[in-house]
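Given the sequences, and given the hints that come with them, work out the whole structure.
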Amino acid sequence: MEDQQLVKQLLNREPAAFTLFVKNTEGLVAEIVFKMIANAEDRKDLIQDIYLNAYRYLPNFRFQSKLSTWLGSIAYHACYNYLKKKKLLLPEKIEDAEHEQDALEVIANRFVDCFSNQTMDYVSQKELQQLLQSAVYQLSPIYATLIALYHYQELSYQEISTITGLPEGTVKNYLFRARKKLKDLLLSNYKKEDL
Amino acid sequence: MKNEHLSEEEIQALALGTENQGKFYGHLQHCLQCRKSIETYQTIFTALAQQPMITFGFDITPPAEITKQKVKRMPVSVPILALGILSFLTLSLAIMGWLASRTTSHGLLLSNGIIIGVATLILCGLLVEMVIKYRRKISTIRQFNLQHLTGSSF
Ligand SMILES: [Zn+2]
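Protein chains in written order, with this note's numbering: chain W, 70 to 264; chain E, 39 to 192.
Any given hint could be a false lead.
[Claimed, not checked] With a cut-off of at most 27 Å between alpha-carbon atoms, the simulated DSSO-like pairs for lysine-lysine come out as follows: (1) W:K153 x W:K77; (2) E:K106 x W:K241; (3) W:K195 x E:K106; (4) E:K61 x W:K241; (5) E:K74 x W:K77; (6) E:K61 x E:K74; (7) W:K92 x W:K135; (8) W:K77 x W:K135; (9) E:K106 x W:K92; (10) W:K77 x W:K92; (11) W:K77 x W:K156.
Derived from the structure by calculation, the hints contain no laboratory data.
Below is the structure:
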């Protein structure tokens, strides 16, 4: 269903439209909230609030972006404010792991050897998924969210910029650092598990 | 041809496919390290895209405006409407009584009685309306709390 039609039905207070709205956006909202908020109970309250606020502010939606992007922005800012309130947010702290590069290259080679090996079975793929998941959760909330939005939700830099309110250049820069951090985390995790 | 290793930016760009390999072809041909770095990123990006979808694990309570609408369609509630009709009828009777009082003394008594009756009726009606509204609000709050408490956890 087109955004325009869905918004019209939502404004007409059609319960089925609300159900569809939740269904269409669950993946995106869940990615943002789960990546940013660690506490399960708080996540639940936040998700409920995000949808209530979206519904409340829907008459202000001007179709300048996709409806899902607009909701994503509400979700991101709700989580951001929560983290800020709880003093769990360190947006300026950007870890610089540049000099660790050399040491990690050796591990990187081993890692690729393992994963490009034809004998790799299903369990190892599953293991990679698990390692990846835990590595993503070790990233800072904003990095983890950016990774999820770009690599899983497959959103453009521009859409991510709209959601987060960060300039496009900052999104690119954060994503570059997040990918590198993720690679480093994954490689060190993989080595540890393997030993 | 570039002989030093590719920068992290270049490696990421090649793994993402946003940069053309052509410029780096010569170096990549003989540098296993850079090729491996690109492959590592590609493995990660593929695995990231294949992560299982996260779901809420509970149902979202729809906004009150959506659920409320069905119950409250009539602008005026039934007790108030009934009260209005009754008041109108009794007032008409009272006026008739007053007109009759011009001829008989019984009429005046009847008319006063009816006016007091109407006033009592209006007061009772308003009281009933208040109680009904209060009960409805309480039940909505209870329902919301119940949904909130029984919603499955993550
Ligand atoms: Zn190289």
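### Task
Determine which of the earlier numbered hints do not hold for this structure and return their numbers in increasing order.
Hints 1, 2, 3, 5, 11 not satisfied by this model.
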